[in-house]
Amino acid sequence: MEWEAPIPAWIESISIDMDEEMPDLSSKPVAKPKAKPGRRPRHKVDVDPSGSNQRRKNKQRGYEKDYRIRMKKKRLQDEAEWIRLETQTRNMLTKRTSVRYLQLLQEERALREAEVLDSCFLADIQALLLWGGTTAPSREVREQLNSLPSLRRCHTFEFSW
0 MEWEAPIPAW IESISIDMDE EMPDLSSKPV AKPKAKPGRR PRHKVDVDPS
50 GSNQRRKNKQ RGYEKDYRIR MKKKRLQDEA EWIRLETQTR NMLTKRTSVR
100 YLQLLQEERA LREAEVLDSC FLADIQALLL WGGTTAPSRE VREQLNSLPS
150 LRRCHTFEFS W
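Sequential numbering of the sequence shown, starting at 0, is according to numbering that gives the first Met the number 0.
Simulated from the structure, these hints should not be mistaken for laboratory data.
All the pointers check out, no bait thrown in.
Keeping only pairs whose Cα atoms sit at most 25 angstroms apart, straight-line, the calculated DMTMM-like set for lysine to aspartate or glutamate is:
hint : residue 1 : residue 2
1    : 94        : 107
2    : 94        : 80
3    : 72        : 85
4    : 71        : 85
5    : 94        : 106
6    : 73        : 85
Ranges of calculated distance between the beta carbons of each label pair, as one might list FRET restraints:
hint : residue 1 : residue 2 : range
7    : 125       : 145       : 13 to 23 angstroms
8    : 73        : 30        : 54 to 64 angstroms
9    : 121       : 91        : 39 to 49 angstroms
In this text, all values refer to a predicted model and were calculated from it rather than measured experimentally.
From the three backbone atoms N, C-alpha and C, an ideal C-beta is built for every residue, glycine too.
Given the sequences, and given the hints that come with them, work out the whole structure.
Written out as structure tokens, the structure is:
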């Protein structure tokens with residue numbers, strides 16, 4: 000609800016210093032909170048702190064008596080496996096073919112492919128010259144070939160029972 004009446008004169012006469020009222024938040028607090036001590040202090044010394052936990056684990060495990068032995072064996076087996084794999088990889092790396100040899104093989108393969116491509120182009124040109132029908136003799140050859148009996152379009156099998 001809004002204040003609609005004129006502000007009384009006595010309110011304006013009151014001077015409130017906000018710095019006195021507001022606490023200074025920029026400074027650190029003086030009183031530090033501390034946990035209250037327990038009712039009576041303990042004097043018992045834990046002789047084997049990890050033993051109780053281990054016993055608890057054993058109790059929880061129950062059915063696995065040789066857990067640590069089994070884990071130790073597994074670790075040794077894994078170590079042996081890793082050593083074996085490392086020897087295999089080292090042998091492979093020592094016996095691998097050199098990069099230069101692989102480059103030469105690739106070059107030779109490329110040359111062979113180029114040679115085959117050239118021979119294919121030559122054969123294609125010769126076939127066009129022979130059977131293209133552009134010259135009179137090739138036209139005759141084409142006619143002779145067309146007059147030969149052709150293969151059937153789809154394979155049919157005649158069974159003799």
